[in-house]
Amino acid sequence: MNIFLHGATRRLIIAQDKKLMDQREDYVRMQNNILANRIIHEGIDEFSISGDFSEDSDMISELQLIAGGLEGRIILLGSNFKVVSDTYERNIEQYIITEDTLKAMKGESVRAKRVGNSYVQVVTGIIDKERDQSKGVVITLASLQDGKGAIAYIKNHSVVINGLFFVISLILGSLLTIFSRRCFRDILKEMNVIAEGHQENRLSEEGFREFYQMAVSFNKITDRFKELENSRQEFVSNVSHELKTPITSMKILADSLLMQEDVPVEIYEEFMGDIVHEIDRENQIITDLLDLVRMDKASGDLNIAPANINDLLEQLLKRITPIAEKQGITIHLETMRQVTAEVDVGKLSLACNNIIENAVKYNNPGGHVNVYLNADHKFFYIRVRDDGVGIPEDCQERIFERFYRVDKARSRETGGTGLGLAISRKVVLLHKGSIRVHSKEGEGTTFIIRIPLNYIG
Amino acid sequence: MKKKIIFFLLALSAALVLTGCGKKQEKSGSATDGEYVLYYLNIDGDGLTRVEKKLDLPEDTEAAVRLILEELNKVDKKDEYKYTKVLNDQILVDSIHLIEEGEVVINFGSGYTQMNPGREILVRAAIVKSLMPLDGVSYVSFTIDDEPLTNEEGIVVDRMSEDTFVLDDDRSEVYNYTETVTLYMANKTGDGLVEVSVDVEANDNQSLEEAVLEALKENYGNDTISPIPKGLTFHRIHVLQKICYVDLSTDILTGVPGVDENIKVYSMVNTLTSLSRINQVQFTIDGELVPKMNDVSGFDSLMSYDYYYLSEADQ
Numbered sequence: 001m002n003i004f005l006h007g008a009t010r011r012l013i014i015a016q017d018k019k020l021m022d023q024r025e026d027y028v029r030m031q032n033n034i035l036a037n038r039i040i041h042e043g044i045d046e047f048s049i050s051g052d053f054s055e056d057s058d059m060i061s062e063l064q065l066i067a068g069g070l071e072g073r074i075i076l077l078g079s080n081f082k083v084v085s086d087t088y089e090r091n092i093e094q095y096i097i098t099e100d101t102l103k104a105m106k107g108e109s110v111r112a113k114r115v116g117n118s119y120v121q122v123v124t125g126i127i128d129k130e131r132d133q134s135k136g137v138v139i140t141l142a143s144l145q146d147g148k149g150a151i152a153y154i155k156n157h158s159v160v161i162n163g164l165f166f167v168i169s170l171i172l173g174s175l176l177t178i179f180s181r182r183c184f185r186d187i188l189k190e191m192n193v194i195a196e197g198h199q200e201n202r203l204s205e206e207g208f209r210e211f212y213q214m215a216v217s218f219n220k221i222t223d224r225f226k227e228l229e230n231s232r233q234e235f236v237s238n239v240s241h242e243l244k245t246p247i248t249s250m251k252i253l254a255d256s257l258l259m260q261e262d263v264p265v266e267i268y269e270e271f272m273g274d275i276v277h278e279i280d281r282e283n284q285i286i287t288d289l290l291d292l293v294r295m296d297k298a299s300g301d302l303n304i305a306p307a308n309i310n311d312l313l314e315q316l317l318k319r320i321t322p323i324a325e326k327q328g329i330t331i332h333l334e335t336m337r338q339v340t341a342e343v344d345v346g347k348l349s350l351a352c353n354n355i356i357e358n359a360v361k362y363n364n365p366g367g368h369v370n371v372y373l374n375a376d377h378k379f380f381y382i383r384v385r386d387d388g389v390g391i392p393e394d395c396q397e398r399i400f401e402r403f404y405r406v407d408k409a410r411s412r413e414t415g416g417t418g419l420g421l422a423i424s425r426k427v428v429l430l431h432k433g434s435i436r437v438h439s440k441e442g443e444g445t446t447f448i449i450r451i452p453l454n455y456i457g
Numbered sequence: 001m002k003k004k005i006i007f008f009l010l011a012l013s014a015a016l017v018l019t020g021c022g023k024k025q026e027k028s029g030s031a032t033d034g035e036y037v038l039y040y041l042n043i044d045g046d047g048l049t050r051v052e053k054k055l056d057l058p059e060d061t062e063a064a065v066r067l068i069l070e071e072l073n074k075v076d077k078k079d080e081y082k083y084t085k086v087l088n089d090q091i092l093v094d095s096i097h098l099i100e101e102g103e104v105v106i107n108f109g110s111g112y113t114q115m116n117p118g119r120e121i122l123v124r125a126a127i128v129k130s131l132m133p134l135d136g137v138s139y140v141s142f143t144i145d146d147e148p149l150t151n152e153e154g155i156v157v158d159r160m161s162e163d164t165f166v167l168d169d170d171r172s173e174v175y176n177y178t179e180t181v182t183l184y185m186a187n188k189t190g191d192g193l194v195e196v197s198v199d200v201e202a203n204d205n206q207s208l209e210e211a212v213l214e215a216l217k218e219n220y221g222n223d224t225i226s227p228i229p230k231g232l233t234f235h236r237i238h239v240l241q242k243i244c245y246v247d248l249s250t251d252i253l254t255g256v257p258g259v260d261e262n263i264k265v266y267s268m269v270n271t272l273t274s275l276s277r278i279n280q281v282q283f284t285i286d287g288e289l290v291p292k293m294n295d296v297s298g299f300d301s302l303m304s305y306d307y308y309y310l311s312e313a314d315q
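Line by line, the protein sequences give chains X and W.
Under our numbering, the first residue of the first sequence is numbered 1, with each subsequent residue one higher.
Under our numbering, the first residue of the second sequence is numbered 1, with each subsequent residue one higher.
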């Protein structure tokens, strides 16, 4: 700010100076014109300084008076550029042939010039308009002393002014720093309380803009942590619950077997079959969980390699189609073009498998599943559409959550762990892609997966 | 805290650096080495053009002058749009000869008088300025048919030198001036005046009177003391009809240690009146006439040179 102020005072001085010079120039030009007319009227020789300096003619005194009034100097040139008169009596017998005097002699206007620090030079031609003759040139140097007072004042006092502002900004700066530090200290105190474990606390969102925004962002972070903590707790309780369910079933089956006497072998066979079924289920849950956890931990451990997506999908459908047909559901694969992309084949297959299996599972006999593959120059798209039971609108947001099931009853029948879509979503995200769902209850569901053709690490 | 101190120091030094950025001094434009400066007429013939050329100058002054004049009489085809030659068929150089003191006399044919006065002065300036850089040339005079050149009024034109013509060339400046003057300083006992001869510079149109009075504030050797207070300001100095009017600041009332009041005043009076164009001096203080200034009476009168105060040793 001080540098700016210094520049400002300088500019003020320069501007004042220029204004002063312009004012003087106008006044002097007028004087010159009056003098020029006098010279034309009296003849320039009347103003000539003779070699003898003991007597000064009236005209010369007149020149000296005018020069005195301007606190400067007047030089008269004759038509041959020779100095005819000089109130300083210095440059007598000299010829002054400069760009300015040449212009003035021709009757052209000449810009005023500054001489040193104290004088402005104004050059005017002495033109006899009636006879269209140039009689000579008037060179006037006028002092800029008068306004010097104001400028000198500013100059002298600019040091003081600058000094004063320096001190003021020093004080203001210190005050601002002290104030800021106090605000920081208050916030820090509150943060420390939270850091020590009182996680329910929040920072007070008040104070000046930056401090307010800092508090808000900090609270957002802690909120997210709380959310994470909540979902972790929820996850753990979900997992325990899911893991326990098959075991509970097994226990019931086993207990009931043991409780009965003389149970026929067919009953044993039936119950054992159910128990095996539950064990398989448990196994699947654990496998899926492990997959999910593994993907959470090692996001960088994708096995990326160029793969033919058409082949990938064909393989998948080869396996699923028989199962689908058993339920009376037809699957149809449509590929618009050959798609080669950098993907982790295993994981992507798993993701698509889960989605296609869902399309089959949550469908009615005689239903259809369409799998559709396309690509542009940046992404490839897999669309899985079914005309099955659909997903209610208020549940569509939550279907990717772990263990979430829209209709618990149905899912138990159809099997499944509730982790399928969570896994699919995780895989898609690892590939830096996106997954979206559109669904209408009773009409069907469409899943759209979009994945970049080239893997961006 | 340390950081704050460093920052403020940086800001301060930055501010100081910017104050230092004042006006750039104009470079003086003398001829580049090895090149010679000639003056031609401009295309319209109503001004002069400065031209730098590489010339192989002979040792002999007369021969060199001839060479220069020959150069002024021709212009290369490629430069024809820039300037015109000074001499031509009308202005024929008849002969050249050198006389004492480095004066060159150039004799022209009668065609010279046919030139219009406006052009004639430019031709004169061009020739003189073009010849001045030569070592052996200090003065130039023209003759026409062996008769001295006269101007319009019939008066003989004096021999011309470096100072005769002032052009835009930076070496010749209208407003800078140096003169050898006599300063009247106080003697060691402060009761008499001592004459000191000094070259005083009055630049940027400073008046000689002001330059001389300011010079009294300096020191000139061990035998003299500066007779006036250093803080003394001259508001106005003006010469009219051989009287120099000097308006002083009130600093005139301060005593100069070891110097009498009368000496203080007459050092200024004698110094000014020894300039050719001043006979008397009148002082005012801040615009007012003051009859008595400290011990000095008649301070408001017209004062003349006074022999009384000259130091006995000089009388």
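These are computed hints drawn from the structure, not numbers from a lab.
Even glycine gets a Cβ: it sits at the ideal position worked out from N, Cα and C.
One or more of the hints may lead you astray.
Some chain X residues well away from chain W (every beta-carbon gap over 10 Å; in silico) [what the hints assert, rightly or not]:
(1) Glu-200
(2) Ser-249
(3) His-438
Listed below are the simulated DSSO-like cross-link pairs for lysine-lysine, each with C-alpha atoms no more than 27 Å apart in a straight line [said to hold, decoys possible]:
(4) W:Lys-242 to X:Lys-82
(5) X:Lys-189 to W:Lys-242
(6) X:Lys-103 to W:Lys-82
(7) W:Lys-292 to W:Lys-217
Can you list which hints this structure breaks, lowest number first? Structure breaks hint 5 only.
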